[in-house]
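Here the protein sequences come in this chain order: A and B.
First residue of the first sequence: 1473, per the working numbering; consecutive thereafter.
First residue of the second sequence: 2, per the working numbering; consecutive thereafter.
Keep in mind that the hints were calculated from the coordinates and are not lab data.
Keep in mind that a hint or two might mislead.
[What the hints assert, rightly or not] Below, simulated BS3-like cross-link-like pairs (lysine-lysine); rule was C-alpha separation at most 27 angstroms, straight line: (1) B:Lys58 - B:Lys43; (2) B:Lys59 - B:Lys38; (3) B:Lys38 - A:Lys1513; (4) B:Lys69 - B:Lys58; (5) B:Lys38 - B:Lys23; (6) A:Lys1486 - B:Lys43; (7) B:Lys38 - A:Lys1538; (8) B:Lys43 - A:Lys1492; (9) B:Lys23 - B:Lys109; (10) A:Lys1538 - B:Lys58; (11) B:Lys58 - B:Lys72; (12) B:Lys109 - B:Lys43; (13) A:Lys1538 - A:Lys1513; (14) B:Lys38 - B:Lys109; (15) B:Lys23 - A:Lys1486; (16) B:Lys59 - B:Lys109; (17) B:Lys23 - A:Lys1536; (18) B:Lys109 - A:Lys1513; (19) B:Lys72 - B:Lys59.
[What the hints assert, rightly or not] Not everything, but these chain A residues come out facing chain B in the computed CB check (under 7 angstroms): (20) Val1475; (21) Leu1518; (22) Thr1521; (23) Thr1547; (24) Thr1550; (25) Pro1579; (26) Gly1580.
Beta carbons: idealized from backbone N, C-alpha and C, even for Gly.
Each chain, written out:
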Amino acid sequence: GAVVSQHPSRVICKSGTSVKIECRSLDFQATTMFWYRQFPKQSLMLMATSNEGSKATYEQGVEKDKFLINHASLTLSTLTVTSAHPEDSSFYICSAQVGVNEQYFGPGTRLTVT
Amino acid sequence: GENVEQHPSTLSVQEGDSAVIKCTYSDSASNYFPWYKQELGKRPQLIIDIRSNVGEKKDQRIAVTLNKTAKHFSLHITETQPEDSAVYFCAAMVNDMRFGAGTRLTVKP
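Produce the entire structure from the sequences given, and follow the hints as far as they go.
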């Protein structure tokens, strides 16, 4: 299957700082990438859909000014958590769409805000 | 929007037995139904998927069935092995993917 990388795998930051997470499709081009958040023992919750060259589409309840998404190329999407707070601590996972429907996930980034 | 429900939340079976996980969806426009396996702290891995123009698909010990009329689909794992133990998520997709709550499968040796 398609390979998606994500960096960093783990990050600890102080409350009030910003953190950038990168999602890359390594062996294919992805016009559409998705960002999910997963709390412990819970399902994946879609945060936003990232389309190359255009603004991201955010799900209801997700603050676009807090979770900045940039999809500047066909192989890279970034999620920046701005002014992070402890409640933002979670497992953030990206996925890249292949073909019409299939999505392949990155390994995830565990964010801890102290 | 799409709402996906998944049952059961936990499932424990003896090695060699079969496991069945069921999901329902609400949006009749959904046309793609993947199943993912997620081990602790790792990414979801696509294990099988089915499209709305197909009623059943099988890949070795794993099969998925889809009933479009009733808007439900199921994952069947036969001859379960301890390494099948993980959390399984169903999903339904129109333009984006909505996940079920997950099923924690434990296969006891």
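Verification of the supplied hints:
no. : hint                  : in the structure
1   : B:Lys58 - B:Lys43     : holds (26 angstroms)
2   : B:Lys59 - B:Lys38     : holds (16 angstroms)
3   : B:Lys38 - A:Lys1513   : holds (14 angstroms)
4   : B:Lys69 - B:Lys58     : holds (14 angstroms)
5   : B:Lys38 - B:Lys23     : holds (14 angstroms)
6   : A:Lys1486 - B:Lys43   : holds (25 angstroms)
7   : B:Lys38 - A:Lys1538   : violated (30 angstroms)
8   : B:Lys43 - A:Lys1492   : holds (20 angstroms)
9   : B:Lys23 - B:Lys109    : holds (21 angstroms)
10  : A:Lys1538 - B:Lys58   : violated (42 angstroms)
11  : B:Lys58 - B:Lys72     : holds (16 angstroms)
12  : B:Lys109 - B:Lys43    : holds (21 angstroms)
13  : A:Lys1538 - A:Lys1513 : holds (24 angstroms)
14  : B:Lys38 - B:Lys109    : holds (18 angstroms)
15  : B:Lys23 - A:Lys1486   : violated (41 angstroms)
16  : B:Lys59 - B:Lys109    : holds (24 angstroms)
17  : B:Lys23 - A:Lys1536   : violated (34 angstroms)
18  : B:Lys109 - A:Lys1513  : holds (21 angstroms)
19  : B:Lys72 - B:Lys59     : holds (19 angstroms)
20  : Val1475               : violated (11 angstroms)
21  : Leu1518               : holds (6 angstroms)
22  : Thr1521               : holds (6 angstroms)
23  : Thr1547               : violated (18 angstroms)
24  : Thr1550               : violated (18 angstroms)
25  : Pro1579               : holds (5 angstroms)
26  : Gly1580               : holds (6 angstroms)
The structure fails to meet hints 7, 10, 15, 17, 20, 23 and 24 from the earlier list, while all remaining hints are met.
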